[in-house]
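**Q** Spelled out from the first residue to the last, the chains are:
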Amino acid sequence: MPLLGPSATEYDTVVIGGGFYGTRLALEMRRRGGRVLLVERDARLLGRASLRNQARVHNGYHYPRSILTSLRSRLNYSRFLDEYGECADRSFPHYYAVARGMSKITAAQFTEFCRRIGAPLIPAPAAVAKLFDASRIEAVFEVQECAFDADKLRARMSRDLADAGVEVSLNSEAQRLTQRPRGGADVRITHGNETRDVGADVVLNCTYSRLNQLLAQSGAATIPAKHELTEMALVEPPAALAGAAVTVMDGPFFSLMPYPSRQLFTLSHVRYTPHCSWLDAADAVVFDGDALLANRQSHFIHMVRDAQRYLPAMRDTRYVESLWEIKTIMPRSEQDDSRPILLRRSDEYPACLTVLGAKLDSVYDVEEALHGALRGNDPTRRLTADSKRLVV
Amino acid sequence: MIESFLSIVAPLEGESSGAVEAFVDETVAVLRGLVTHYEIILVDDGVPDATLARIRGLLARYDFVRFLRLSRHFGEETAISAGLDVAIGDYVMVMLPNTDPPALIPEFLARAQSDADIVYGVRLHRKAEPFWYRVGARLFYWYINSVVGAGIPKDSTQFRCMSRQVVNAISQIRGPDQYLRLLTSYIGFQKQGLPYAPINRTGAATVRPKREALNLARALVMDHTTHPLRVVIWTGVVLALLNFILVLIHASGGGNDAALVHGAFGFLVTAFMVAMVGEYVGGLSRRLRDRPAYYVREEQTSAVLLREERTNVVDDSQGQ
Chain A
1 MPLLGPSATE
11 YDTVVIGGGF
21 YGTRLALEMR
31 RRGGRVLLVE
41 RDARLLGRAS
51 LRNQARVHNG
61 YHYPRSILTS
71 LRSRLNYSRF
81 LDEYGECADR
91 SFPHYYAVAR
101 GMSKITAAQF
111 TEFCRRIGAP
121 LIPAPAAVAK
131 LFDASRIEAV
141 FEVQECAFDA
151 DKLRARMSRD
161 LADAGVEVSL
171 NSEAQRLTQR
181 PRGGADVRIT
191 HGNETRDVGA
201 DVVLNCTYSR
211 LNQLLAQSGA
221 ATIPAKHELT
231 EMALVEPPAA
241 LAGAAVTVMD
251 GPFFSLMPYP
261 SRQLFTLSHV
271 RYTPHCSWLD
281 AADAVVFDGD
291 ALLANRQSHF
301 IHMVRDAQRY
311 LPAMRDTRYV
321 ESLWEIKTIM
331 PRSEQDDSRP
341 ILLRRSDEYP
351 ACLTVLGAKL
361 DSVYDVEEAL
371 HGALRGNDPT
381 RRLTADSKRL
391 VV
Chain B
393 MIESFLSIVA
403 PLEGESSGAV
413 EAFVDETVAV
423 LRGLVTHYEI
433 ILVDDGVPDA
443 TLARIRGLLA
453 RYDFVRFLRL
463 SRHFGEETAI
473 SAGLDVAIGD
483 YVMVMLPNTD
493 PPALIPEFLA
503 RAQSDADIVY
513 GVRLHRKAEP
523 FWYRVGARLF
533 YWYINSVVGA
543 GIPKDSTQFR
553 CMSRQVVNAI
563 SQIRGPDQYL
573 RLLTSYIGFQ
583 KQGLPYAPIN
593 RTGAATVRPK
603 REALNLARAL
613 VMDHTTHPLR
623 VVIWTGVVLA
633 LLNFILVLIH
643 ASGGGNDAAL
653 VHGAFGFLVT
663 AFMVAMVGEY
673 VGGLSRRLRD
683 RPAYYVREEQ
693 TSAVLLREER
703 TNVVDDSQGQ
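Chains A and B supply the protein sequences, listed in that same order. One point on numbering: in our numbering, the residue at position 356 of the first sequence is 356, and numbering is uninterrupted. Heads up, our numbering is the position in the second sequence plus 392, with the first residue counted as 1.
Hints are not guaranteed to be accurate.
Cβ-Cβ distance ranges computed for the label pairs, FRET-style [to be verified]: (1) B/A667 x A/L71: 57 to 67 Å; (2) A/Y319 x B/Q582: 25 to 35 Å; (3) A/A126 x B/Q564: 19 to 29 Å; (4) A/Q297 x B/G449: 47 to 57 Å; (5) B/S677 x A/S298: 43 to 53 Å.
Think about it this way: if two alpha-carbon atoms lie no more than 20 Å apart in a straight line, the pair counts; the simulated SDA-like pairs of lysine to any residue are [claimed, not checked]: (6) A/K327 x B/V696; (7) A/K327 x B/Q692; (8) B/K583 x B/K519; (9) A/K130 x B/Q564; (10) A/K226 x B/K546; (11) A/K226 x B/R683; (12) A/K104 x B/R683; (13) B/K519 x B/Q564; (14) A/K104 x B/E691; (15) A/K104 x B/N537; (16) A/K226 x B/N592; (17) A/K130 x B/N560.
Chain B is nowhere near these chain A residues, computed Cβ spacing over 12 Å in every case [unchecked claim]: (18) G5; (19) I223; (20) G372; (21) A373.
Don't read these hints as lab results, they were simulated from the structure. These figures come from a predicted structure and were not determined experimentally. We put the CB at the ideal spot given by N, CA and C, even for glycine.
Using the sequences and the accompanying hints, generate a full structural model.
**A** Given below as structure tokens:
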């Protein structure tokens, strides 16, 4: 992997952000032809939000209040496993428990929902069901959902990029865009002490929580986005669970998921995982949330205290450390619990498309949308105005 | 600093919920120096809109504040039991924001940790209360403790600290009427009273309206015991016996007036008996319906907005 800055000054596509989306889309653009440069701020790919998350490959169960998201999720689940099966960990049983009282769905509704989206669902074995507190849990089901190993995925993506001939520039930060008179844009990239302007016909902004940093620094309108500082506890799970994953639905509950790349589990909690939040309002100063990641006080105790009320065995969970990350969503996702994907062309820099997804496997939806946005157009030509904003 | 997790449950209702800001300010100040982990659960049981905005402010200002909104007004007892259902602490304290002083939290917790499973507050005096209320309270405690033996400590309030074991025991009891003071007596465990002088932040009336007080007394008694039913049954038996004797006297040539008066009185007692039996049957049918005691409309949790970055920068150099 090259540790140098960009080797040339002209590319067909510059992809900013070397997370899963950025690497996928760089490969996709390379397949369309032309030179592709992938710019990553860190010293390695897939080191931020693609690494610090639940590692859950969604199979639809998680979104009983948004059937569209669930159906897409089901589709993408099999596509993801077909393509990246080697990076998936399918060795553990996964149980979904439906809570009483505070849950937004009942067990009967959840069963019906799974039937409608065609997701496999069977009652959990009695030995597992009795681990839960029956006064707080209505029913426990066994589902089919796996986790991915972020390290294996990184190795795979790096290999694919090298094989495809995508140029990767690590330790490099895209500072701002400049409009070119004949279309396309210049991207100012700093790499160590070096600063260089690189020209591109298409710029893909795949920087997730930093999506507005580039836009604001380029003097472009920002995209309304809500950021949350999130904490997931990395833990050794209680022995009683014998390596199973547990998700309690559907409300302020918890999830215990294998985290294969560390041989540990993540414990996350709808109530305690978000620590604080802020909005990127249009035309306001964009706040750099990375400053918040250091020296946080963990909410692990809160998570585990609540979790053991539903699953008493959780008391024996051992805390190792926490994964801190900034999670970015579109404000509308909060209302309906859907996870749409944003693909938006900048008004000021028509060559620049910003991509914001929520789950790894949704990348397939982005690719479809991206093809739509670029269809009929040689990437060198300016795109038509009607495909300017597209929310899938 | 005590290595423990303390939950505070505070029901908010009507006017007195205006005290919520001062209450949370003081409580957070006490808790921060007292325990390693804490949470404050505010249960909305009919809060005016103006107070809602202030609660949102609190959620943005302090960590570990939770706001539980019930689907409608269910009453203080139900709001408390909703709070107990979601509390996650090793110890749980119930506090009424308007009257219970946060300064006493350390004392309650210390006693709950060393001496008793339940530490409950006891009013030092009822001087501020009107005469009729004091007499009524005295009568109530005499009846419920000396006659039927419910074991509700005299002048005890909702202000209390309970161990996790106690909270679990209480949350297992399900029913439409959750009277914490009765449940506390029912479940047993070690108890201890802690006398204190209630405060009054808002200056709102601290005694219940007459009707509410009477209703509460009736509900507490009937929820605990069928003693009143037995009293009227025996009264009925005695009167029937008396009636029989009177009829005998009448038949042997006695006066008419006494029989008339007695007949009227007998009717009154019968009506009273039917009413009381009706109350119990009503209570029974409420229980048989077996529906949830409350519904939660939404839950909000502290989302402190960039606490660390809040700096003391002003844009107006002339402001003080």
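**Q** Each hint should be assessed against the structure and marked as holding or not.
**A** Evaluated hints:
1. B/A667 x A/L71: 57 to 67 Å: With Cβ atoms ~60 Å apart, the hint holds.
2. A/Y319 x B/Q582: 25 to 35 Å: Because 32 Å falls inside the window, the suggested range holds.
3. A/A126 x B/Q564: 19 to 29 Å: Between A/A126 and B/Q564, where Cβ atoms are some 22 Å apart, the hint holds.
4. A/Q297 x B/G449: 47 to 57 Å: 22 Å, violated
5. B/S677 x A/S298: 43 to 53 Å: The hinted range 43 to 53 Å holds for B/S677 and A/S298, with Cβ atoms some 49 Å apart.
6. A/K327 x B/V696: Holds, because 16 Å separates the two Cα atoms, which is no more than 20 Å.
7. A/K327 x B/Q692: 19 Å, holds
8. B/K583 x B/K519: 26 Å, violated
9. A/K130 x B/Q564: 17 Å, holds
10. A/K226 x B/K546: Roughly 53 Å between the alpha carbons, so the hint for A/K226 and B/K546 is violated.
11. A/K226 x B/R683: 39 Å, violated
12. A/K104 x B/R683: 17 Å, holds
13. B/K519 x B/Q564: With a Cα-Cα distance of about 37 Å, the restraint between B/K519 and B/Q564 is violated, given a limit of 20 Å.
14. A/K104 x B/E691: Satisfied, since the Cα-Cα distance of roughly 12 Å is no more than 20 Å.
15. A/K104 x B/N537: Violated. A/K104 to B/N537 sits at ~43 Å, over the 20 Å cutoff.
16. A/K226 x B/N592: Judged against 20 Å, a Cα distance of about 41 Å means the pair is violated.
17. A/K130 x B/N560: The hint holds at about 18 Å.
18. G5: Holds: least Cβ distance 32 Å, greater than 12 Å.
19. I223: 20 Å, holds
20. G372: 36 Å, holds
21. A373: Since the minimum Cβ distance to chain B is about 34 Å, A/A373 lies beyond 12 Å and the statement holds.
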